[in-house]
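Asks: Put chain B on the given structure of chain A with help from the hints.
Chains as they are written, first to last, in the working numbering: chain A, 62 to 515; chain B, 62 to 515.
Among the hints, a few may not be true.
Where chains are identical, the list cannot tell them apart; a pair therefore holds if satisfied intra-copy or between any two copies.
Keeping only pairs whose Cα atoms sit at most 30 angstroms apart, straight-line, the calculated DSBU-like set for lysine-lysine is [to be verified]: (1) LYS391 / LYS255; (2) LYS187 / LYS366; (3) LYS186 / LYS65; (4) LYS462 / LYS366.
FYI, nobody ran anything at the bench for these hints, they're computed from the structure.
If you want the building blocks of each chain, they are given just below.
2 protein chains.
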Amino acid sequence: MRQKKYLLGESEIPTHFFNMQAVMPNKPLPILNPATREPLKAEDLYPIFCEECANQEFNTTDEWIPIPEELRQMYASYRCTPLVRAYDLEETLGTPAHIYFKNESVSPAGSHKLNSALAQAYYAKKQGITNVTTETGAGQWGGALSYAASKFGLECAVYMVKVSYEQKPYRKSIMQTFGAAITPSPSMSTRAGKDIITANPADNGSLGCAISEAIELAVTTPGCRYTLGSVLNHVCLHQSIIGLEAEKQMEMAGEYPDIVIACFGGGSNFSGIAYPFMRHNMKEGKKTRFIAAEPASCPKLTRGKFEYDFADEAGLTPLLPMYTLGHKFKPSSIHAGGLRYHGAGVILSQLMKDGFMEAVDIEQTESFKAGILFARTEGIIPAPESCHAIAATIAEALKCKETGEKKTILFNLSGHAFVDMAAYDQYISGQMQDYSVTDEELQKFISAADALNR
Amino acid sequence: MRQKKYLLGESEIPTHFFNMQAVMPNKPLPILNPATREPLKAEDLYPIFCEECANQEFNTTDEWIPIPEELRQMYASYRCTPLVRAYDLEETLGTPAHIYFKNESVSPAGSHKLNSALAQAYYAKKQGITNVTTETGAGQWGGALSYAASKFGLECAVYMVKVSYEQKPYRKSIMQTFGAAITPSPSMSTRAGKDIITANPADNGSLGCAISEAIELAVTTPGCRYTLGSVLNHVCLHQSIIGLEAEKQMEMAGEYPDIVIACFGGGSNFSGIAYPFMRHNMKEGKKTRFIAAEPASCPKLTRGKFEYDFADEAGLTPLLPMYTLGHKFKPSSIHAGGLRYHGAGVILSQLMKDGFMEAVDIEQTESFKAGILFARTEGIIPAPESCHAIAATIAEALKCKETGEKKTILFNLSGHAFVDMAAYDQYISGQMQDYSVTDEELQKFISAADALNR
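For reference, chain A alone in the conformation it holds in the complex (with noise of 0.2 angstroms):
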């Protein structure tokens, strides 16, 4: 019997995340204070984020971080996760490419959101925070950051975009599953919130706004700490133990990557499966390539600008050195809500920038036919992001067709669908479109961005 899935067991757990900023030659360059343009430290981040993850989003020196064993042992619940070899897609696809994809579908929260929610969760606790909070638009992070709290013990109270909050009531069911409490944002319950609502009653929310709303309680609560999803140095080092075990388990396949591909939104489930990888590219001269497949919507990586932006749409947060579509870009409603996100994560803007990663960006439609043909070969209905990540394996699949290259080819399956087949039924019934973004359009708001850089 040809093997399709190797598995590894839980002794086989990552003991230390992998920290790509110890290793780039060209360390990123400072977050900013907007007001005084001064470079942050670690402690400035104190009131808003643990400390440990404050202290890991500043960490250029130790390649290797310890996981402690209680995480380790909450890990075990799911991981390691399988790699699958994906000898059916590629036979319809009639391609001598080997794919293989990493499976983090398989996690409890259906998604690789899980693997630094966990990381948070248990640094929060460690550090005596009682509650955490966070915002969630499509709902993913706040899911995963549901079962994590409540494994931990912490309270955790999530803003919910209210247009999604209605739109999503299974998002919102699986949060209060796990525990959570879930405000529908704008709320009474934040200054923010309130000025928003007297402003405007009937106001629909938005990401930045339930931003505003989850920091502002981080910061006014007492033993209440903020959490994000993605972007940020921290959150990709967590989600390094994605690559870390790919790494083991190609190894048992006999095979080392030539192209290693993952759907980009901030960057979380990018970094976690490429820098394990990139790192022999930058220390033994591999030549494996990296692969970030974006929306054609919200193209930041192929379309966007490397200069400072906010992190946020309202402003509020310090000033990243990425690549930005501007902070006030609004990027249309495609239903890979988790790419839905103006800007890249600083590190992976730093690497995008010295080459060491390449992107394409790919049309809603092709994902879902991508993502129809993967659930017809290999059985697991991808989410609307990780389609992105199938259809770009897809195009790298068919070009070895092409030449007769038999390269192998690695991607990263970030979650499943199950609760977004309204989307599928969009897309099956003929109803789903394309959004084009003109150049026009994307100046505009670059330009904006261009303005806090002189």
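Replies: Here is chain B on its own, set in the frame of chain A:
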């Protein structure tokens, strides 16, 4: 690190199905032609089911039936499934019992149903069948068959009860994503459907009608066969791979179950986890208890009667000797759609009668209370059906807490609830109700079946 998951590689996927009919001391009574009262033979079922499945239905001699290599290869996309020690549930309950569960929710279709769907699709394909059909209510079986048909290149037509088609669009989308054609039933595509629509154009459909339409399609379409997801002997046979894997995994854990628990609709997931262990009770005098957890609103095992009855509401099928509430019994609209069936499988009914297993009934709200505790401790949101098994497990674990006994309990987690979150929402918001059924009501429906036994 304490071990949570016991994993088996693909080479450990069972090579044979275990056939309880060959081992049980009293064979089941014959299945009867309702018109002639003559026992049916396998050949009588060839026009409806594929031949291998019909043969397996009547096989009382071969204890082990080889699993073809091509089918094992298909199982490898998700099997072997993990056996998990529920440490956190144990600790939260404060029980000395050791609780293990077999996690069938990791299947691409989200439940154990795929084990038989793949087998039935494989045997159909081997026979040269080109189309398979079935009915579905809640949609778990329809989803599994759609996926299995897609893997073996068969056309798949699913008649979905009209009210479910409209109220459960996500299940429909899952089946369509896997490439099946879904028809709301009653439909104009069959004589049976036309008659019902003509009589009542607003008819919302029923499982009975959908069965009639699917069977009619099968017997009137060249190269088409009907499939069923539970109750029948060959379906339970295919599910035996669950328990065969669990047997090896319990050995890896160094334990043997004192109690085995599964939820009970027609009996397929119960058979799967129970039969392989039960054979040791029969052959070697082991004393494991086997507990079927059925809904209080559909209590065929705890309050039904063992006698001949039809398998469908309309009375079109052969007569089966089984524990039944009467084929006209209409179960309340609990969320555990897979448990809303009036009868128990033929083998299972005989085993129940002979004292090899026992049953408990569980109220709907009790089942969801257990499901939420499980989600918060073990991280998986269980299907409404599986919640019944968890409630029964918790009851046994709490008995151990009282007596101080350190029993080993194994239950089957038949599926996850990502597509059933509306049910959790109803429970969390306090809107869920229980459904009692009086002895008088039950007697009314059972009497109808009594008439068939004179």
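Asks: Next, verify each hint and record whether it holds.
Replies: Hints, verified against the model:
no. : hint            : verdict
1   : LYS391 / LYS255 : within (23 angstroms within a copy, 51 angstroms between copies)
2   : LYS187 / LYS366 : neither (39 angstroms within a copy, 57 angstroms between copies)
3   : LYS186 / LYS65  : between (39 angstroms within a copy, 22 angstroms between copies)
4   : LYS462 / LYS366 : neither (34 angstroms within a copy, 63 angstroms between copies)
In terms of the numbered hints stated before, the structure departs from hints 2, 4, listed from lowest to highest.
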